[in-house]
Amino acid sequence: MALYFIGDVQGCDEALQRLLTHIAFSPSRDTLYLLGDLVNRGPHNAAVLRRLMGYGSSAQCLLGNHDLHALAVSRGVRKPNLQDTLQDILTAPDSTALLHWLRHQHLAMQVGNVLMVHAGVLPQWTAPQTLALASEVEAVLRSDDWRHFMPQMYGGLPNVWRDDLEGADRLRVIVNALTRLRFCDAQGAMDFSVKESADKAPAHLMPWFDVPGRLTTDVRIAFGHWSTVHIQNRADVVCLDDGCVWGGCLSAAKLEASDTSLSVRDTPAWERVSVRCPQTIDPLA
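Here this note's numbering runs 305 ahead of the position in the sequence shown, where the first position is 1.
Simulated from the structure, these hints should not be mistaken for lab results.
A few of these clues could be false.
What the hints assert, rightly or not - In silico DSBU-like links for lysine-lysine, alpha-carbon gap of 35 Å or less:
no.	residue 1	residue 2
1	Lys384	Lys500
2	Lys505	Lys559
3	Lys559	Lys500
4	Lys384	Lys505
Based on the provided sequences and hints, a complete structural model is requested.
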């Protein structure tokens, strides 16, 4: 049985179909792990959601910042941006079902020794803590309280994790780390002002996965969100956002199910598969 970890689709259903054809995906045999940003900026958002819903348990999905934005727009909490392409979801005859399914997806997942997030993991968090904190937000999104949480989700503060955080501040830090994080300082303070590659960051900032003492070095981490980052031949982390929606590729990393039980030291290299996508949009938006 093969496991495929797939980067940011962002409404590019044609590219997703081409990728699944290329890998000869079989829902009865294989499992897809979508790393968030399922929708927005691409042309066929509703089709992506319907496709993934149709695969049932063979497609396990994370929520990214664009997916949360779609939920917020659906409640009138946020106004659509000029580059948003969410109308096909919002006006679809099955819009209620699509949005209900979307808000029941995950903020973090783990299979064997592979941890999955959309954006990043704070260096102070272990893998079990990451999953537990993600579940706190998931529980709110899946409850009737999600309507009240949406207006409180936005903002960059607090930007440092503390175990005694409560309420909206606690949930906001969790959401920001799992769906927006790229850079932080050596103490784990998040910075959202820089979106480019690591060499463009101020000297005191570093990619979250390079922070000394990070407590998730014992697991492999697959993530998306950061199309401009370049990670060379690392077994411990892989970024699968290759800029599909702005003319890049939609990419997947393949692992055999047996490989997920291996330690970071003993695990094989990520086997990457990519297909081109015709969309062209600003990669930093």
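Where does the structure disagree with the numbered hints, that is, which hint numbers, in rising order?
none
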